[in-house]
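Working from the sequences, and respecting the hints, build out all of it.
2 protein chains.
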Amino acid sequence: MERYEDSKLYKIRHSMAHVMAQAVLEVFPDAKIAIGPPIEDGFYYDFELPRPINENDLNRIRNLMRKIIEGKHPFVRKVVSADEARDIFADQPYKIELIDGLDAGGVDEYGNKIKDENMVITTYTQDKFEDLCRGPHVEHTGELNPDAFSINFKEPAGAYWRGDENNQMLTRIYGTAWETSTELEEYLELLEEAKKRDHRKIGQELGLFTFSQMVGKGLPLWKPKGAKLRDKLERFLRDEQVKRGYEPVVTPHIGNIQLYETSGHYPYYADSQYSPIDVDGELYMLKPMNCPHHIQIYSSEMRSYRDLPVRLMEFGTVYRYEQSGELSGLTRVRGFTVDDAHLFVTPDQLLEEFIGVVKLTQLVFKSLGMTDFRARVGIRDPESDKYIGDDTMWEEAASAIIQACNELGLQHEVVEGEAAFYGPKLDFIFRDVLKREWQLGTVQVDYSLPERFELEYTGADNQPHRPIMIHRAPFGSLERFIGILTEHYFGAFPMWLAPVQIAVLPVSNKVQEEAEALVQKLKAEGFEVELHDRGSLGKRIREAREMRIPYQAIIGPRDVENGTVSVRLRDDTELDPMPVEDFIKLARRVNDEKLVDLVPEQI
Amino acid sequence: MERYEDSKLYKIRHSMAHVMAQAVLEVFPDAKIAIGPPIEDGFYYDFELPRPINENDLNRIRNLMRKIIEGKHPFVRKVVSADEARDIFADQPYKIELIDGLDAGGVDEYGNKIKDENMVITTYTQDKFEDLCRGPHVEHTGELNPDAFSINFKEPAGAYWRGDENNQMLTRIYGTAWETSTELEEYLELLEEAKKRDHRKIGQELGLFTFSQMVGKGLPLWKPKGAKLRDKLERFLRDEQVKRGYEPVVTPHIGNIQLYETSGHYPYYADSQYSPIDVDGELYMLKPMNCPHHIQIYSSEMRSYRDLPVRLMEFGTVYRYEQSGELSGLTRVRGFTVDDAHLFVTPDQLLEEFIGVVKLTQLVFKSLGMTDFRARVGIRDPESDKYIGDDTMWEEAASAIIQACNELGLQHEVVEGEAAFYGPKLDFIFRDVLKREWQLGTVQVDYSLPERFELEYTGADNQPHRPIMIHRAPFGSLERFIGILTEHYFGAFPMWLAPVQIAVLPVSNKVQEEAEALVQKLKAEGFEVELHDRGSLGKRIREAREMRIPYQAIIGPRDVENGTVSVRLRDDTELDPMPVEDFIKLARRVNDEKLVDLVPEQI
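Protein chains in written order, with the numbering used here: chain P, 6 to 608; chain W, 6 to 608.
Be careful, since some hints might not be right.
Just so you know, same-sequence chains aren't split out, so a pair can sit in one copy or run between any two.
[As the list claims (entries may be wrong)] Using 27 Å as the maximum straight-line C-alpha spacing, the simulated BS3-like pairs for lysine-lysine come out as follows:
id, residue 1, residue 2
1, K440, K16
2, K248, K526
3, K248, K599
4, K364, K230
Because the hints were derived from the structure by calculation, they are not lab data.
And the structure:
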């Protein structure tokens with residue numbers, strides 16, 4: 006598969022960013038330009054502008070961009086010395102800062118740390134605009150399609166220079182660009198559809214969760230319906246794991262800083278941890294991950310090879326600091342619950358345990374109707390020496406992972422350099438109904454923590470041995486996962502996950518009592534049922550549909566007479582009136598077999 | 006019921022404390038004496054001693070105490086001025102500090118804050134010993150029984166002067182005293198029994214939980230078996246609540262300090278909260294209770310009188326600061342999970358909701374085999390003006406609570422002055438098999454938080470009204486509750502709660518396969534089953550008994566032939582061999598009906 010960075014689209018977007026910057030400078034001659042990289046699906050450029058930008062400015066910029074494109078100006082590359090570069094960008098303080106970085110070495114033209122210490126400094130010029138840039142670009146602006154781009158700015162979009170809240174806030178203009186106008190239209194439609202499906206909007210409408218300024222940013226509060234959905238998901242995952250020999254544990258949400266110093270998470274990951282809490286002169290941290298706690302449970306007793314594998318699982322809520330600008334609904338939060346497990350295994354058990362983990366993940370994906378997923382195997386960069394552990398271990402672990410994928414027919418790619426420093430890993434990537442890819446959780450082999458915490462088991466030889474750890478959270482964060490599911494399903498969750506499964510709708514007050522009796526009957530069968538008896542029948546149907554309740558059981562005088570119910574689905578499909586018992590059978594089957602289809606084919 | 010403070014035993018113990026102090030001063034003439042109050046079941050006295058105390062010293066003190074008792078010295082009360090008191094206790098700096106406090110007013114002779122501003126200063130003298138004391142005492146030391154007391158000191162017992170870790174550490178000698186030597190013996194036996202039943206010891210033996218220095222003090226880690234027990238308890242409580250219209254929610258473990266400033270928990274309860282965490286200049290607290298979070302969920306949407314009562318429940322883990330000296334196993338911890346619920350009700354609904362809460366609590370007690378419990382109703386002190394809300398509200402709420410107790414036949418006492426400032430309450434008190442009383446959770450009516458958070462619902466009159474809140478956590482902390490259950494049952498939990506319910510014991514390797522098949526069969530029936538196949542049959546039986554596994558299903562060649570199993574209970578009762586299916590029926594009934602008896606009478 007061609008890497009995005011090597012694609013035509015990447016060059017188009019990178020070039021379009023320069024074209025936009027030129028246009029902005031024509032509208033705001035005093036603008037200071039910062040950086041403008043291509044990104045997934047588009048590009049952006051950050052500017053310091055003399056005043057807030059408005060729709061009129063954007064229109065002028067769009068028109069100027071079209072004119073620049075029509076000019077078919079070549080992109081001309083030039084190698085310059087640092088001092089020459091400083092002369093060229095004398096009026097551009099952000100560029101000067103970047104040039105200083107390039108000159109000092111170890112960062113690229115966007116200020117990001119890179120390996121290459123000895124980069125040459127280059128600029129690209131089109132028409133009258135010269136930018137500090139490594140490329141690549143298209144040959145000339147005529148290769149850009151004036152009908153296949155779009156730019157926009159929406160309050161409060163903006164970004165701090167270098168992502169640091171102490172720096173100047175810049176105006177970030179986003180754009181997208183494609184080869185054809187059809188592609189652009191399709192993309193914009195996708196955006197529109199994604200907006201409609203935004204889990205923040207649906208979550209509010211369905212009463213799944215809420216945020217409170219008083220509680221704090223990035224800290225979701227799960228309302229009754231969301232908590233029910235979450236509980237169903239948790240119990241399902243838990244039960245499937247317990248069946249496979251996982252053992253749930255419960256650990257506190259804080260830990261002494263010693264724990265993280267030993268694990269190495271502190272101070273190395275201090276930026277993504279909350280600041281410590283002082284307790285009688287000892288420092289405690291909100292836990293950013295569950296592994297050190299689970300390790301303490303492992304090492305609370307003597308372990309023999311006969312006890313391994315030990316598989317400790319917990320829906321462990323962790324807290325990590327994220328900049329407030331990065332927070333977004335459930336997908337980027339400051340507190341989230343990991344479907345976590347840590348497996349302590351002997352080297353011999355690695356392959357079998359990996360197979361078990363992948364199998365379980367496949368099963369769960371299937372139960373959730375998520376058919377389009379793949380995996381990425383991260384192995385060592387053979388040229389780097391940052392990895393700990395000996396070569397044999399690494400090779401055995403990597404081959405166990407790849408073998409597990411092969412045996413189970415899991416589509417996967419192997420990427421060098423994507424391993425953690427402590428072991429190879431497997432990431433799960435899900436493609437939703439809008440074809441967006443979401444990286445979910447991960448399975449990682451770890452040789453480091455067993456070393457750091459001096460974990461042991463007694464082998465068959467009666468000698469102490471070091472176990473290998475597998476970190477395993479195939480869905481990552483429950484919050485994020487539910488956010489993704491919400492968008493994938495547009496809130497219409499599979500029956501078994503739906504917080505309300507059946508809405509009972511009396512056609513009028515005349516059958517109120519019978520409707521209430523039906524609610525009780527269905528509840529006694531174990532379904533989540535709501536009575537919808539306010540307003541007209543039309544309103545009742547509309548509300549049930551809007552709440553994405555899988556089945557509307559509509560009951561009128563005829564139904565009462567015949568012992569039937571008229572079933573309507575949330576997509577407005579109407580089924581023939583059926584005996585109540587048949588409806589219960591249907592609903593039971595769809596629920597128990599975790600079917601996505603609400604009216605499955607008879608087997 | 007006579008108050009302990011008015012009882013003969015109280016006077017005996019108070020007098021015994023003075024006798025002990027006199028004896029200590031005879032052994033250590035330079036000792037500085039601090040305070041020596043009667044406590045539940047005994048008394049203590051704190052001393053600053055010139056050297057560590059040893060068993061020999063204690064023996065001398067015991068003998069001297071007996072001699073003082075035999076002397077039949079009267080206790081003589083004397084009223085003194087502050088200056089006279091300072092003269093008397095010129096050599097005793099701790100007493101001087103207490104006298105200064107008494108002189109300034111508002112504290113008693115133990116330094117505790119009291120209401121009486123104008124207390125006279127009194128001393129009591131027996132034999133050659135005079136102590137700053139308000140009494141009461143027995144008439145003379147001859148009323149004390151020289152064969153009915155006991156004193157002891159165990160490392161690291163000790164206490165900081167005035168409970169402040171910055172002060173001098175004092176040597177605390179504990180004692181107990183009774184009217185008869187039989188009572189003393191019974192009490193000491195009880196202590197011995199309690200020691201054997203210590204949940205910290207049993208929890209370790211049964212693998213329920215562990216503590217880790219690295220994680221931190223007072224922060225239990227639930228190991229697989231404990232987590233299983235805990236989960237069974239939680240699910241049971243949850244299901245029973247959901248049946249009654251409670252709605253589970255999930256909220257984060259931290260909150261912005263604003264939340265606690267609004268609720269009034271900060272800064273007023275700052276001493277029992279962890280220090281704040283700084284996030285981008287905003288302060289966050291580990292949540293010390295769940296109510297403010299639940300309130301945010303209540304107020305996340307418009308509420309109508311038709312939506313009330315709203316009953317939000319959560320097993321919410323909270324964190325509170327406790328001094329490290331106060332921590333003890335699961336019963337005093339720094340992080341614990343509350344079986345919390347908050348009910349938002351109209352004034353009309355108060356009685357019915359209270360009845361519901363009490364009924365549910367009674368049901369749960371019964372399901373746990375806890376038959377000996379009572380309640381304490383805390384109402385206003387009619388002479389105090391610290392309470393908020395109008396008189397009618399208070400009277401209605403108190404009468405609703407009392408009426409609920411009466412209707413449901415809940416044994417209860419009404420105690421004036423035991424209400425919270427924001428409303429009356431009901432506390433549950435459980436008496437365990439050793440007759441020890443444990444205060445469990447509480448139900449509280451709250452007029453204050455709805456006010457502070459400006460909660461509303463729209464009434465039938467279309468006007469905004471303020472709901473009343475009921476805080477409800479009948480078991481309080483799950484950790485503490487499980488600690489109490491562990492001691493009450495000596496680790497032999499009712500079948501339905503037991504983390505392992507059935508141990509399958511093959512009598513030898515010859516029936517190994519059949520034993521494994523039986524394990525699978527029983528697991529498929531939904532039981533928690535372990536195979537015990539290491540060591541001799543005697544060892545297998547002993548281990549299963551020590552782990553308090555309710556049923557040992559012993560299987561030998563004869564059983565295989567006959568399709569039977571030989572069942573042995575954890576108390577070593579042996580049942581006649583029975584068909585496997587009969588055993589499953591027995592176990593199923595005991596489990597499903599939550600019976601405490603493992604071989605119930607046939608109904």
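Hints and how they fare:
1. K440 with K16: within (23 Å within a copy, 81 Å between copies)
2. K248 with K526: between (31 Å within a copy, 14 Å between copies)
3. K248 with K599: both (17 Å within a copy, 24 Å between copies)
4. K364 with K230: between (30 Å within a copy, 26 Å between copies)
Comparing the model with each earlier hint shows no violations; every hint is respected.
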